[in-house]
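Start from the sequences and build out the full structure, keeping to the hints where you can.
In terms of full-length UniProt numbering, the sequence shown opens at residue 1 and continues consecutively.
Derived by calculation from the structure, the hints in this document are not laboratory data. Note that the structure is predicted; figures quoted are calculated from it, not measured. Hints may contain errors.
What the hints assert, rightly or not - List time: in silico DMTMM-like cross-link candidates among lysine to aspartate or glutamate, alpha-carbon distance up to 25 Å:
(1) Lys33 / Asp200
(2) Lys121 / Glu101
(3) Lys219 / Asp193
(4) Lys121 / Asp93
(5) Lys33 / Asp45
(6) Lys33 / Asp71
(7) Lys33 / Asp124
(8) Lys121 / Asp193
(9) Lys121 / Glu160
(10) Lys121 / Glu67
(11) Lys33 / Glu67
(12) Lys219 / Asp124
(13) Lys121 / Glu203
(14) Lys33 / Asp46
(15) Lys33 / Glu47
(16) Lys121 / Glu43
(17) Lys33 / Glu43
(18) Lys219 / Glu208
(19) Lys121 / Asp200
(20) Lys121 / Glu208
(21) Lys33 / Glu213
(22) Lys33 / Asp193
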Amino acid sequence: MTSLNGAVVLVTGANGGIGTHFVRDALARGAAKVYATARNPREWDDERIVPLALDVTDPASIRAAVEQAPDVTVLINNAGASVSSAGILTHTDEEIRQNVETNFLGPLFLSRAFAPTLSAKGGDTAIIDIHSALSWWAVAGIYSATKAALWSATNSLRLELHPAGVQVVGVHVGYVDTAMAAHAEGPKVDPADLVAQTFDTLEAGGYEVLADENSARLKAGLSAPLEAVYPQLAGDA
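See the structure below:
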């Protein structure tokens, strides 16, 4: 388990709805400092919050973040990109590249960059990766594909970093009630609830958060026949 009491936390995508809750709630649970990162970091009203410029798609920016935040004990890979269309054949080339670089390569390279720092601390350190229920449901084209890839990478990181005492937590959730999901219909998870579930799991020593019913249902369905997961295929059997 990893305690947030006295922790030094780095949050990517800190300007957004989920990111802001990660920043505030980490402090509420006793974090000593939070690096609130974004491409264009904003000012905060708490001296414990350190705004830090970070573009997770830029290797030089990642290296600079590691140099500027050597005391990090908890890394939260929250930044992400979305798509305007559902079909992988209808995305633009730019959408595909942006999703791969932001949703997959960014958190992977950032985790790799911070891994030596976290490992050297000898425990009470962690990485949290924000996945999606769509990691297990390929209805969002490249977005689903990148979240599935991040899920797999998180599993690999968890195994490789476990001997060094680094806890790796993967978070799966459907729609969250933020500006990014303003267009979506149906149930949405309160970002405060999502962050609370994530931090509860972290501090309890857990490895995975299924933040809503959709995430739990989709994971449970991984062993089902493809026709059950994707009914549109059933007529071809």
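Each hint tested on the structure:
| no. | hint | result |
| --- | --- | --- |
| 1 | Lys33 / Asp200 | holds (19 Å) |
| 2 | Lys121 / Glu101 | violated (29 Å) |
| 3 | Lys219 / Asp193 | holds (20 Å) |
| 4 | Lys121 / Asp93 | violated (41 Å) |
| 5 | Lys33 / Asp45 | holds (13 Å) |
| 6 | Lys33 / Asp71 | holds (9 Å) |
| 7 | Lys33 / Asp124 | holds (15 Å) |
| 8 | Lys121 / Asp193 | violated (30 Å) |
| 9 | Lys121 / Glu160 | holds (16 Å) |
| 10 | Lys121 / Glu67 | holds (16 Å) |
| 11 | Lys33 / Glu67 | holds (16 Å) |
| 12 | Lys219 / Asp124 | violated (28 Å) |
| 13 | Lys121 / Glu203 | holds (17 Å) |
| 14 | Lys33 / Asp46 | holds (10 Å) |
| 15 | Lys33 / Glu47 | holds (9 Å) |
| 16 | Lys121 / Glu43 | violated (29 Å) |
| 17 | Lys33 / Glu43 | holds (15 Å) |
| 18 | Lys219 / Glu208 | holds (11 Å) |
| 19 | Lys121 / Asp200 | holds (22 Å) |
| 20 | Lys121 / Glu208 | holds (23 Å) |
| 21 | Lys33 / Glu213 | violated (33 Å) |
| 22 | Lys33 / Asp193 | holds (22 Å) |
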